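Note that the protein sequences, when read in sequence, are chains A and B.
The first sequence begins at 1016 in this note's numbering and counts up one residue at a time.
The second sequence begins at 1016 in this note's numbering and counts up one residue at a time.
Think of the hints as simulated: they come from the structure by calculation, not from any bench.
Source: prediction; values computed, not measured.
Do not rely on the hints blindly, as some may be mistaken.
Each pair may be met inside one copy or between any two copies, as identical chains are not told apart.
Computed list of lysine-lysine pairs in PhoX-like fashion (alpha-carbon distance at most 20 Å, straight line) [as the list claims (entries may be wrong)]:
(1) Lys1104 with Lys1114
(2) Lys1288 with Lys1423
(3) Lys1104 with Lys1260
(4) Lys1114 with Lys1155
(5) Lys1384 with Lys1143
(6) Lys1024 with Lys1137
2 protein chains.
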Amino acid sequence: MKYSQLFPKTLKQAPSGAESINHQLLVRGGFIDQLFAGSWTLLPLGLKVVTKINQIIREELNSSGAQEMQMPLLHPREIWDQTGRWSNKDVQQIMYQFKDIHGREFGLSFTHEEIVMNLLGKFVKSYKDLPLKLYQFSTKFRNELRAKSGILRGREFLMKDLYSAHVSEEDMYIYYEDVKKVYLKIFQRMGLDTKIVEASGGVFTDKNSHEFQVLTEVGEDTIYYCTQCDFAENKEIYQDREGSKCPRCSNKIEEANSIEVGNIFPLGTKYSKDMKVFYTDENGKEQLIWFASYGIGPTRVLGTLVEIYHDERGIIWPESVAPYQVYLVGLDLEGERVKGEAERVYKLLQAEGVEVLFDDRVGVSAGEKFADADLIGIPYRVVISKKTHSTSSGQAKDKLEVKKRDEKNTHFVSFKGLISLLKDS
Amino acid sequence: MKYSQLFPKTLKQAPSGAESINHQLLVRGGFIDQLFAGSWTLLPLGLKVVTKINQIIREELNSSGAQEMQMPLLHPREIWDQTGRWSNKDVQQIMYQFKDIHGREFGLSFTHEEIVMNLLGKFVKSYKDLPLKLYQFSTKFRNELRAKSGILRGREFLMKDLYSAHVSEEDMYIYYEDVKKVYLKIFQRMGLDTKIVEASGGVFTDKNSHEFQVLTEVGEDTIYYCTQCDFAENKEIYQDREGSKCPRCSNKIEEANSIEVGNIFPLGTKYSKDMKVFYTDENGKEQLIWFASYGIGPTRVLGTLVEIYHDERGIIWPESVAPYQVYLVGLDLEGERVKGEAERVYKLLQAEGVEVLFDDRVGVSAGEKFADADLIGIPYRVVISKKTHSTSSGQAKDKLEVKKRDEKNTHFVSFKGLISLLKDS
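Excised from the complex, chain A in its bound form (with noise of 0.2 Å):
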């Protein structure tokens, strides 16, 4: 992609009011933008950075046996009163709920247990059809009272959601520690480390779920955990305070500010016992279905990774979920030599595969190119010049002047060179 038609540009400015250093960024960059509060636009450059998460997720669930799909967003009330959820207080602030011209009632989705209950109610007939593991990215609404901290917390947002369905408690569990196990691994591969933190169920669950928090000081989070083992409680449901010994291995427990990034429910058998969804075991006899859910959400992961991922000048993309590898610039491109050099190099990267954002303006200063590389933090910056492609600059000739977006100093490379060091990263 070339820059100069890239939609849109990059802002000098972040716009007023933008607290959090992921909308301050993510906005500038000109990665997302507010339709209104807490309701963003995907654009281009933070589309391409989602689907890289959505790949990651998809992938590692896939390898889990799980298998994707896509469920309607809105939701006629009748089968969320079949839990009484439709009706829940908690619910009721934050679900939209409505009625269509003709008198129907509508929900917009937060989530999607009922829905998922209501299928395999139609399918599942046997322990023969069971376990099931299916998951959706797909978008989900909250009434939030207030949507603050840019794209952390939205009215409107992207959600991966699985659900697993199984004959037994056990079985349940064996899955649900797969999960933990594979959550890990998704978030590890897109450069977030993560904490597993025990939590309430919230308005899912009367059991406790399952929290993976990035530590972050701008967390909306608080969480108490152990500094030697894996004890880790949100503060909704910790009954004592930092400082205090953990009651599982007697060190001391600290606090700290987290950023949910994914969450995990053991629902039992609430809803298939509510939604009235049984199947035939070996012996012939109905029995409830066991069921979990297990939620990621992308647009949240970008910008938590923003929040951890950024110095002073801008955002530095971990390399995984990159929009583009490389940032090429080219300087002095009024001359026709460097300028075609600059093609070329593009072209030849391209044709290796590798994602390039060439920055092909004229008439833009190689300060206002570098500032512009550095906000938006692609990985890697590859220069093309006069310096880089004079006869008479010696040692440069014909080599790539290229930085790494989290190093301070530059090389210069061949293309061969810079080939297999996009390819060893």
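Starting from the known structure of chain A, arrange chain B on it as the hints suggest.
Frame of chain A, contents of chain B only:
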């Protein structure tokens, strides 16, 4: 994917009240499931087909210079008030509009012109920022009075919508004509022969639009077209009747039913004028942006393909959009030798990058497996059985029994032969 693991299995019977072929076959084959009238879950097989449809659209639009992004579905009333469409009676019949618990008014997107124009207003300053071509794949909502014809007419459906912005009417029409060609190519790659038909602009514009129509008796639209030239008009605007003389070439006009799979609208300056969105021209003067929009309904394409490509036994997917390339049938899987051979071929095919659905069910008859293969409609059926892999089967030894879905006869082909057959197709 092993068929034993696939969710869900085929159904023996179409649901009661399913009148259209696409409804019957897509539900029986396990591609889609109805949540309520006009609302469908894309089950794993259905999502696979839609993903391929989307990828064809994406490739061709990217080639045309368009950029993908993703806009919100929940739209504040104020933006739609700027064009007056919020209060348009025809719009109010189809747009879900409601107040949230805080009294704020929202509508669910059935299209995105206002949202795109709002975005352009923030980022387009000068003629140098134009033209722009932006598209998305997103969920659309329409409160249809009667949602019938299976997945052809939904209350919630998938739409690819493209918007282009230009400095002049001339530039707008250049891209508008480009998109006509791009659309014809997109549909042709999916196996759909489309006719470009002039139609009214509906709630989008006073100007006429163009529809991409697939001629089929089951189509809800009626069109009049010339058998000799490219004159074609939708019944809504056609002033004459069947058998009349073509106004362009005097040949005979015929009538046909058809399904609209795409539509394009030369919107002009109506939206930029209403929303006060200008660019500065080369002389520093403010000018209105010229604007056009272009839609394709991937879920409607899914249904249309089934209406066109089926026989009495099931669906016959074009290879470009088939959920898998090969339906591998293992027969006599009770025998260790055949079972091992079937597993081996399954893995070899996957290693070659072939998408395989492996019917690995034990205790299911050959007839039942062949019936499911025909119903699901994957292009190549490959059978492994005692016949193909016993030590005494003569000619068939170590060959695979291959049948194309749209042919009657089977052929015995070596593994290498099958691979070259698949790669050539």
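Against the structure, the hints:
{"no.": "1", "hint": "Lys1104 with Lys1114", "result": "both (18 Å within a copy, 18 Å between copies)"}
{"no.": "2", "hint": "Lys1288 with Lys1423", "result": "neither (60 Å within a copy, 49 Å between copies)"}
{"no.": "3", "hint": "Lys1104 with Lys1260", "result": "neither (36 Å within a copy, 66 Å between copies)"}
{"no.": "4", "hint": "Lys1114 with Lys1155", "result": "both (19 Å within a copy, 18 Å between copies)"}
{"no.": "5", "hint": "Lys1384 with Lys1143", "result": "between (60 Å within a copy, 18 Å between copies)"}
{"no.": "6", "hint": "Lys1024 with Lys1137", "result": "between (49 Å within a copy, 11 Å between copies)"}
Violated hints, listed in ascending order, are 2, 3; each of the other numbered hints is respected by the structure.
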